[in-house]
Amino acid sequence: MATVVSYTARPRRLTQALLLLLALATGLGAIALVSLGRTGELPSSFPLTAGMAAGIAVLLQVLVMIRAPYADPTILPLTLLLNLIGLAAISSYDTARILFNDKTSAYAGRQLIWTAVGVLACAAVLWLLRDHRILRRYTWVSAVAGALFLLLPLVPGLGRDVYGARIWISIAGYSFQPAEIAKILFAVFFAGYLVSRRDTLALAGPKVLGIHLPRWSDFGPIVVAWAFAVAILVFETDLGTSLMFFGLFVAMLYIATDRLSWMIIGAVMFLPPALYAVTQVSHVQKRLTCWLDPLASSNYEACFQINQGLFGMGAGGVVGAGLGEGRPSMVPFGQSDFIFSGIAEEMGMIGTFAVLLMYLLLVQRALRAAVGISDGFGTLLAGGLGFVIALQVFVVVGGVTRVMPLTGLTLPFLAAGGSSLVANWIIVGLLVRLSDAARRPSARRAGAGAPHGAGAPHGATASDAGAAAPQGVAA
Amino acid sequence: MSELTIVVLRIGFVVALWVFVVAVMLVLRNDLFGTTVVSRGGRRGPQREQRPAADPTAAAALRTDPAVTSTALVVTAGPLRGTTLTLGSTPVLIGRAPECTLVLDDDYASNRHARVFQRDGQWWVEDLGSTNGTLVSEKRIEGVVPFKSGARVRIGRTEIELRRGPR
Chain P
1 MATVVSYTAR PRRLTQALLL LLALATGLGA IALVSLGRTG ELPSSFPLTA GMAAGIAVLL
61 QVLVMIRAPY ADPTILPLTL LLNLIGLAAI SSYDTARILF NDKTSAYAGR QLIWTAVGVL
121 ACAAVLWLLR DHRILRRYTW VSAVAGALFL LLPLVPGLGR DVYGARIWIS IAGYSFQPAE
181 IAKILFAVFF AGYLVSRRDT LALAGPKVLG IHLPRWSDFG PIVVAWAFAV AILVFETDLG
241 TSLMFFGLFV AMLYIATDRL SWMIIGAVMF LPPALYAVTQ VSHVQKRLTC WLDPLASSNY
301 EACFQINQGL FGMGAGGVVG AGLGEGRPSM VPFGQSDFIF SGIAEEMGMI GTFAVLLMYL
361 LLVQRALRAA VGISDGFGTL LAGGLGFVIA LQVFVVVGGV TRVMPLTGLT LPFLAAGGSS
421 LVANWIIVGL LVRLSDAARR PSARRAGAGA PHGAGAPHGA TASDAGAAAP QGVAA
Chain H
1 MSELTIVVLR IGFVVALWVF VVAVMLVLRN DLFGTTVVSR GGRRGPQREQ RPAADPTAAA
61 ALRTDPAVTS TALVVTAGPL RGTTLTLGST PVLIGRAPEC TLVLDDDYAS NRHARVFQRD
121 GQWWVEDLGS TNGTLVSEKR IEGVVPFKSG ARVRIGRTEI ELRRGPR
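Residue numbers (UniProt numbering), protein chains in the order written: chain P, 1 to 475; chain H, 1 to 167.
Since the hints were derived computationally from the structure, they do not count as laboratory data. Bear in mind that the values here come from a model prediction, so they are computed numbers and not experimental data. Any given hint could be a false lead.
What the hints assert, rightly or not - With beta-carbon atoms standing in for the labels, derived distance ranges:
id	chain 1	residue 1	chain 2	residue 2	range
1	H	P98	P	A267	40 to 48 Å
2	P	L271	H	S2	52 to 60 Å
3	H	N132	P	L59	32 to 40 Å
What the hints assert, rightly or not - Some chain P residues flagged as far from chain H (calculated, every beta-carbon gap over 10 Å):
id	residue
4	D161
5	D218
6	V281
7	E301
8	R365
All residues carry an ideal CB built from backbone N, CA and C; glycine is no exception.
Next up, chain P with everything else stripped away, as it sits in the complex (with noise of 0.2 Å):
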């Protein structure tokens, strides 16, 4: 006879502060590398960056020592190895145009302002969140602040048209990028309502195709998102964006209803509206042509930017350039857009593998923490937040390296960007906050299962339970 003993969660804070020592020395290293590789030395702002990095990690971990102590021990370590990655990979970005371009550039310092700004702002989710659940009450109250910050560059005067995609906002000389903290409203309220619909969502309706079909009345919501989609796409002409929310939506409908054929019926709905992009809006025409035939001598010019990222990780290799001795700034957006190409010029296939495998397991925990999780509202806002991150990055390295055509989404953690940078943190305080939820262990089982010691996993067969429980009853 065996036993099946299944892992209790602990709350492994120490592992966490492990982490993080390495993810900040391995980051630290990674700047420092940059600098070391362009002009032989250490640049003067390193120590200040160092410091800054070191508070945030002291910080972070006080924190989730204090407001969440079972939290996943792995989110904030990947999450800040990516974070400092990206700041090297910017200040690679910024030597490069200087050094080579003459031109003056200060991404870098920018980045690191909106760091400490995510940081902050995935502190203050952490401290002042005390228990997902609040979140539910303001599921609709997210809806309509999400539709509105969706909606904000379409107001005269306040949007801006950057690269035929009017995303933008600009206030007083600072622009951001609104869809990035609507995303986040969005999921909320997605999760908060079809965590009451899911039931009626998942019934069965005609079967077609072998494909069971939800009832006809049961589309109301899809087309709702659909049509949301549609106008992000007609009047933003932005496809990354519409994609992100419907497919956003898609997606937990699925993990809400567990039916394969929403996912068959979203994918066929946005069909039309990608085919409208694709042949009535120039610039998405444009990345289709650069995305099928980019090397073409007729293309080539009007494919600059994806061809020199192209070169780019060519040039890099299976090891790479080495850190501070690439050329990303040949790539227009080499900060933004295509900082992936400079990554993978600068640290090669075995570095790029590395941080493509960091934001695997970031996703991973994601759904993990959704799996554990006990109430339905958490399942899905942590499902759908993973699937927000593993959705940019599939988009973004995939628009890259030519596996499907370029859309203007950002990279998490690592493009230049404030508005990203500062959504994808509150992200992360998110999750962490739902991987302490999924990872604790409940008032009422801390109370039951005291005879077998919280801190040891424990096999509970039939004859195990049976000597404990006399305690048990007790208890």
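For this one, chain P is given, so just place chain H on it according to the hints.
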């Protein structure tokens, strides 16, 4: 700084990067590879020996006493319908967790949902702080209640009944 030093530092960076990734994976090992199945052969785990064992003679007496009828837990509704568990002197843990005696594949059941156990010659059912509750005869229970023969206990979509019969 010499070229060689920088190359060494770069190699060190790549190593540190991968050490970090592998360290994260090691931390998650339990999660990534799921539950472990421990053989209960001759070797006993150290934690098991420390635990007070049920009195073996009493259990044996119960098993061999012809006057005692056997009791079975029968699943009457839900995905596991038709499953029968013969109850001994040991409690039965019901829930979604793999270590449960009756493992339910049910979104509405908690990991460790309820326990059925014997005390003072009677069977009891105890709700272990489940999210959606345990219903005995359509009423949600708090803590421990007697489990009468024929009473229906509902856990998520699963319904179980206690049946007594001659051995």
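Evaluated hints:
no.: 1; hint: H/P98 x P/A267: 40 to 48 Å; result: violated, 34 Å
no.: 2; hint: P/L271 x H/S2: 52 to 60 Å; result: holds, 58 Å
no.: 3; hint: H/N132 x P/L59: 32 to 40 Å; result: holds, 38 Å
no.: 4; hint: D161; result: holds, 39 Å
no.: 5; hint: D218; result: holds, 19 Å
no.: 6; hint: V281; result: holds, 39 Å
no.: 7; hint: E301; result: holds, 35 Å
no.: 8; hint: R365; result: violated, 8 Å
In summary, the structure is inconsistent with hints 1 and 8 from the numbered list given earlier, while agreeing with the others.
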